[in-house]
Amino acid sequence: MISKLPFFFHFTLGMTMNDTQRIVMTGIGLTAPNGNNLSEFRNALLNCQSGVKHAEIRYMGQQVAGLCDFDEFKYQSKKLRRRGTRAGSISIYCANEAIADSALPWSDIDKSMVGVYLGITEHGNVETENEIYDMHQNNLDWKLWSPHHNPRTVANSPAGEVTLNLNITGPHYTLGSACAGGNVGIIQGVQQLLLGEVDVALVGGVSESPQTFGIFAAFAAQGALAHHEDASKASRPMDKNRNGIAISEGGCIYVLERLSDAKKRNAKIYAEIVGYAINSDATDFVNPNSERQVQCMHKAIKRAGLKVSDIDIVNMHATGTGAGDISESRAVRDAFADSDRTYVNFTKGHIGHCMGAAGALELAGNLPSFVDGVVHPGMNVTELDPDCAIKNLVFNEPKHIGEVNYILNNSFGMLGINSALIVKKYTA
Amino acid sequence: MTAANVRQIVLDIISDIAPDEDVSTLDDSKSLREQLDLDSMDFLDIVMELRKRHKVEVPQEDYPKLATLESCVSYLSPKFA
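As given, the protein sequences belong to chains A and B, one line each in that order. Convert by adding 94 to the 1-based position in the first sequence; the result is the number in the working numbering. Convert by adding 1081 to the 1-based position in the second sequence; the result is the number in the working numbering.
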């Protein structure tokens, strides 16, 4: 099989390649609980501004949650917002913002060569729960079940809404990959560009999870739902007294292009994607496996043709659960044992866990480090858990480290899916 | 319930289903689809909302009777009686 693959598959990403084989990020659109564009988001991360608040959750009362406040109607009519889903609305906002940011001449772009690949943790829980709730409120009258339930809950829904909104006629689908979704969506776009399936890829991740009570109830049942009287302090990965996940929504979509195309139009280039890996624990439904996490990071570094000490910043998945943070801390310590110059941070203290959007958002939060040389801190660490101690861990205060060339972004998910993505500061 | 009340009920539902539309200038005798950006799924929503909010059932064979505001009022008024 391998001998029949296009020749560029025999190259290692990051090695000498021509510009058609180099994939770059040329636009970013995002919404997070603490910012609706990259500039707002980055400032909030540097200044330890939380986006987590208390919100009323059906049946359960006040819970901590990260909700976004972007303008839903900036790019979408009220009618189509009503017909679609919150995840679709987030995706449409992010996609339009990313395209505007990329300065692509959108009206001249061949829309049949644009692909939309979005990572999701889950989709459809919100819409199904709403229908059941409505039916329950109306004497179990099943005839009130909405005809929109099917299109709202098909798994391609958020990506499909983007194509409807932007008249994109190339491929679209979502990547169901638990909380690794953001990274996985980006990786899919890289692969499709390398295959020549599309010329422009809109990639990333999206989540509407806090709109359903079920995810709160499930994490509560696992003893893994974050709580604190001050909601902004509820999400505290790596802290000794962390008590679980703050459930958040969000989205982050990138415009990816081949470097050759980006150069032709003098595009602004945020980063080049030079390495990635996805693997599976094959261990447990929910408990992580640090050995597999190490293997995943090392596979991505090898694919990029780098050594561990080349990595300047590692962004952890760090969700704030007891076992998860300890496992990943062990993995990062082991994976980077040979590097004294790699700094490590995490983002969920600021924004909670944005599920399918987490990987893409957290990577975006670190990209400005290529320009300012600063590592944003993780926040809400009052007492560092000794089991989470990592060399060069940056928390509570930003750290200026100077030149940043490589960032490795971790995103892991249930059923033992691990992903690591490496981006490089763009140099011609 | 008066015809005006029934008309208002239908307008309220349409306003929710097509929130971008101005329903204040509708011609009661003209097709709703000619005047508003409504498709077949929107009409299913109108039927659904009549059932949910007012316990009024519209069988599928009667959907064409919801074509204009006038025909809506004429068809629905007995059901609100």
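These are calculated hints, taken from the structure and not from any lab test. Be aware that one or more of the hints could be misleading.
[What the hints assert, rightly or not] Result set (DSSO-like, lysine-lysine): computed pairs, CA atoms no more than 30 Å apart in a straight line: (1) A:K173 to B:K1133; (2) A:K362 to B:K1136; (3) A:K401 to A:K357; (4) A:K362 to B:K1133; (5) A:K362 to B:K1146; (6) A:K237 to B:K1133; (7) A:K173 to B:K1146; (8) A:K147 to B:K1136; (9) A:K519 to A:K485; (10) B:K1133 to A:K396.
[Stated by the list, open to error] Some but not every residue of chain A turned toward chain B, in silico, with C-beta under 10 Å: (11) K168; (12) S171; (13) K172; (14) K173; (15) R176; (16) N224; (17) I226; (18) D228; (19) N232; (20) L238; (21) W239; (22) H242; (23) G290; (24) E291; (25) K357; (26) K358.
Backbone N, C-alpha and C fix where the C-beta goes; we use that ideal spot for every residue, glycine too.
Hints, one by one, checked against the model:
A hinted pair counts as satisfied when its Cα atoms are at most 30 Å apart, and K173 of chain A with K1133 of chain B qualifies at roughly 19 Å. Between K362 of chain A and K1136 of chain B, the direct Cα distance comes to roughly 57 Å. Violation of the 30 Å bound is thereby established for this hinted pair. For a cut-off of 30 Å, the pair hint linking K401 of chain A to K357 of chain A stands: about 28 Å separates their Cα positions. Proximity of K362 of chain A to K1133 of chain B is assessed by CA-CA distance (about 52 Å); at most 30 Å being required, the pair is judged violated.
The straight-line distance between the Cα atoms of K362 of chain A and K1146 of chain B is roughly 57 Å, outside the 30 Å bound, and the hint therefore fails. With a CA separation close to 9 Å, the supplied pair K237 of chain A and K1133 of chain B stays within the 30 Å bound. For the suggested pair K173 of chain A and K1146 of chain B, the alpha carbons sit about 23 Å apart, so the restraint of at most 30 Å is met. For the hint pairing K147 of chain A with K1136 of chain B, the CA-to-CA distance comes to about 38 Å; that exceeds 30 Å, so the pair is violated.
Under the criterion of a C-alpha separation no larger than 30 Å, the hint pairing K519 of chain A with K485 of chain A is consistent with the structure, at around 23 Å. The straight-line distance between the Cα atoms of K1133 of chain B and K396 of chain A is roughly 59 Å, outside the 30 Å bound, and the hint therefore fails. With a least beta-carbon distance of about 14 Å to chain B, the hint placing K168 of chain A at the interface is violated under the 10 Å criterion. About 5 Å separates the beta-carbon of S171 of chain A from the nearest beta-carbon of chain B, less than 10 Å, and the hint is met.
Using the Cβ-Cβ criterion of 10 Å, the hint placing K172 of chain A at the interface with chain B is satisfied: the shortest such distance is roughly 4 Å. The interface hint given for K173 of chain A is met, as the beta carbon of that residue sits about 5 Å from the closest beta carbon of chain B, less than 10 Å. Against a cut-off of 10 Å between C-beta atoms, the interface hint on R176 of chain A holds, since the closest Cβ of chain B lies about 7 Å away. Against a cut-off of 10 Å between C-beta atoms, the interface hint on N224 of chain A is violated, since the closest Cβ of chain B lies about 13 Å away.
At a threshold of 10 Å, the smallest CB-CB gap from I226 of chain A to chain B is about 14 Å, leaving the interface hint violated. Because the closest C-beta pair between D228 of chain A and chain B is about 8 Å apart, less than 10 Å, the hint holds. Interface hint status for N232 of chain A: upheld, as the beta-carbon distance to the closest one in chain B is roughly 6 Å, under 10 Å. Using the Cβ-Cβ criterion of 10 Å, the hint placing L238 of chain A at the interface with chain B is satisfied: the shortest such distance is roughly 5 Å.
Because the closest C-beta pair between W239 of chain A and chain B is about 9 Å apart, less than 10 Å, the hint holds. Against a cut-off of 10 Å between C-beta atoms, the interface hint on H242 of chain A holds, since the closest Cβ of chain B lies about 7 Å away. For the restraint placing G290 of chain A at the interface with chain B, the shortest Cβ-Cβ distance is roughly 37 Å, beyond the 10 Å limit, so the hint is violated. Interface hint at E291 of chain A: violated, since its Cβ lies 32 Å from the closest Cβ of chain B, which is beyond the 10 Å cut-off.
Evaluation of the K357 of chain A hint against chain B yields a violated restraint, the C-beta minimum of about 41 Å exceeding 10 Å. Taking 10 Å as the C-beta contact cut-off toward chain B, the hint placing K358 of chain A at the interface is violated, the least distance being around 39 Å.
Taken one by one, the earlier hints fail for this structure at numbers 2, 4, 5, 8, 10, 11, 16, 17, 23, 24, 25 and 26, listed in ascending order.
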